[in-house]
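Protein chains in written order, with my numbering: chain A, 1 to 285; chain B, 1 to 285.
For the record, the hints were derived by calculation from the structure and aren't laboratory data.
Watch out, some of these pointers could steer you wrong.
[Unchecked claim] Covered stretches of chain B (in silico footprint by chain A; criterion: 3 or more residues with CB under 8 Å from a CB of chain A, positions within the stretch not fixed):
#1 112–124
#2 166–177
#3 191–203
Every residue, glycine too, gets a C-beta built ideally from N, C-alpha and C.
2 protein chains.
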Amino acid sequence: MTKIIDGKAVAKKVNDQTAEAVTELVAQGVQPGIAVIIVGEDPASQIYVRNKNRKALKLGMHSVVRQLPVTTTQEELLAIIAEYNADRSIHGILVQSPLPKQINEPLITRAIDPKKDVDGFHPENVGKLITNYPGHYPVANTPRGIMTMLKEYNVELAGKTAVVIGRSTIVGKPMAALLTNANATVTLAHSRTRHLKAVAKTADILVVATGITHLINGADIKPGATVIDVGMDRDENGKLTGDVDFDSAQDVAGLITPVPGGVGPMTIATLMQTTVELAKWSDAK
Amino acid sequence: MTKIIDGKAVAKKVNDQTAEAVTELVAQGVQPGIAVIIVGEDPASQIYVRNKNRKALKLGMHSVVRQLPVTTTQEELLAIIAEYNADRSIHGILVQSPLPKQINEPLITRAIDPKKDVDGFHPENVGKLITNYPGHYPVANTPRGIMTMLKEYNVELAGKTAVVIGRSTIVGKPMAALLTNANATVTLAHSRTRHLKAVAKTADILVVATGITHLINGADIKPGATVIDVGMDRDENGKLTGDVDFDSAQDVAGLITPVPGGVGPMTIATLMQTTVELAKWSDAK
C-alpha cells in the first residue's frame with residue numbers, strides 16, 4: 001500500500017526545532033537574521049518572498065525584505081549585497097530568482113559571503129557539498145529538505161539506485177550529490193537523456209525536478225519505489241500539480257510526495273533551519 | 001573492430017600545443033611557472049614529482065620542486081603555500097598526495113589560491129565545474145585529459161549513457177560533472193553500488209577509476225562501448241595494469257585505453273596545459 005509523504009507534518013517538526021533553536025540563540029544574545037533581496041515585481045516571487053518573511057518573523061527571527069526596482073543595475077545590487085555581507089545582524093542573504101536581464105546571476109551568486117549563502121548556491125559551498133567536505137556549510141534547501149523527509153520516513157539509501165531527473169544547480173545537482181554522499185548509486189538524467197522513462201523505472205528512489213507537468217506516470221515507476229516530486233506546475237485548469245501524475249503513480253510507488261503538501265513546505269522550513277545554523281556558526285556569536 | 005586509444009599520441013599533441021603557448025607567453029614577458037610541494041619521501045610520489053618537473057622544464061616553463069621533511073607541520077605547510085600564493089612567478093601550485101597524518105588535507109586544498117589551483121581541487125573550482133559556471137577556472141587534470149581523448153577520438157557524448165565507477169574528488173566526481181555538462185546521462189557508481197557489473201554494462205562510455213585490479217572484464221562491457229581505464233595497478237608480477245582486464249575487454253569494446261599508455265600520459269600533459277592557462281588568465285600578464 002502506498003504511503004503518502006506528509007511534507008507539511010515534517011515541515012512543522014523542522015519549524016518547531018527551528019523555533020527552539022532561535023529561542024536558545026536569542027538567550028545567548030544572537031537573533032538569527034535573514035535578508036531577502038528581490039529585484040522587480042514578478043508576482044510568484046513576490047508571494048515566495050512574502051511567505052519567507054512571514055515564516056521568519058513567526059519563528060522569532062530578524063527578517064529584512066529589500067524590494068528593488070526592476071531597473072536596478074548590477075553595481076547597485078552588488079553594493080547592497082556588500083552591505084548585508086558586512087551587517088552583523090544578518091546571517092543569511094538570499095537574492096530571489098529570477099533576476100532581470102541586465103544582471104549577471106552567477107556573479108551575484110558569488111558576491112554573497114559563502115558564510116551567509118543561505119541558498120547554498122555559492123560555488124565554494126557547492127564544491128564542499130560535492131567533495132563531502134568536513135565541517136559546516138550551507139546546502140541548497142530543496143534537496144536538503146528532501147533528505148530530511150527521506151530520513152523521517154526511514155527510506156534506506158545506501159546501496160540503492162537513485163535517479164534524479166533535472167540537472168539544475170538549485171535542485172538536481174545538489175540532490176545527486178547528497179544521495180551519492182549517502183551511498184546511493186545515482187543517475188542524473190535530464191532533457192537530453194534518451195529512454196528517460198526506462199531510466200526512471202530503474203529507480204528505488206526517484207526525484208523529479210523538471211517543471212514538466214506529469215512527465216512521469218505510474219507506468220514509469222518501479223513498484224515500491226519512493227517518488228519525490230519537486231514540480232510546482234499548473235494544470236490546464238490552473239490548479240497546482242507536479243511533474244508526476246499522482247493518480248497513476250500512487251498505485252505503484254511505495255512512498256510518494258503529493259503536490260502541494262510535499263516538497264514545497266519543506267523548502268521554506270529548511271531555509272529557516274539553514275538561516276539559524278548560519279547564525280549559530282557565525283563569528284557574531 | 002576495437003580501436004585502442006593512443007594516450008601517448010594525444011598527450012604529445014597536447015604537449016606540442018603547450019610548448020607553443022609557452023613560447024607565446026614568454027614573448028609577452030610571462031614564463032608560466034609551477035610549484036610542486038612534496039612532503040615526505042613516498043617513492044611513487046617522488047617519481048611523479050620528478051616527472052612533472054622534467055616535463056615542465058622541457059616545455060620551457062619555470063618549475064620549482066619544494067621537498068619538505070615528513071615531519072613538516074600544518075602551519076609550516078600553510079606558510080609555504082602562502083608564499084607561493086604571493087609569488088608572481090608561480091601560476092600553478094600543486095601539493096602532492098598523500099600527505100602525512102598531522103596535516104589536514106582538505107584545509108591544504110582550500111589554502112591554495114583558487115586562481116593557482118592547478119589540480120582543480122579547491123571547493124570553489126569544483127563548485128564552478130559542477131554548476132558549469134561561465135568563465136575560466138582549473139578543472140581536475142585526469143578527467144579533463146580523458147575529455148580531451150574522447151574529443152580526439154570523436155566519441156559522441158550527448159544523449160549517451162555514461163557510467164563512472166569510483167567517486168573520488170580527483171577523478172570520479174569531476175568526471176561525472178564533465179560528462180553531464182557534455183549532455184551525457186551519467187551514473188556515478190562506487191564501492192557501495194549493488195549489481196555493479198550490470199550497471200557497467202549499460203554504459204556507452206565507461207570510466208573505471210577504483211584502483212581495483214581487473215574489476216571490470218569483457219563480460220561487463222556493452223559491445224561497442226568506449227572504455228576508459230584510470231587504474232594504475234600492479235599485477236601479481238609487479239607489472240603495471242589497470243582496473244579493466246584489457247585482454248577480455250578489447251574483444252568487446254569499440255574503443256579502449258590501454259594501461260600503460262592511455263590515461264597516464266594525458267594527466268601530466270593536461271597538468272602542464274592547465275599551468276599555462278593559469279598563467280594566461282593571471283593578472284600577472
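Now for the hints, and whether the structure bears them out:
no. : hint    : verdict
1   : 112–124 : holds (count 4)
2   : 166–177 : holds (count 5)
3   : 191–203 : holds (count 4)
Violated hints: none; the structure is consistent with every hint.
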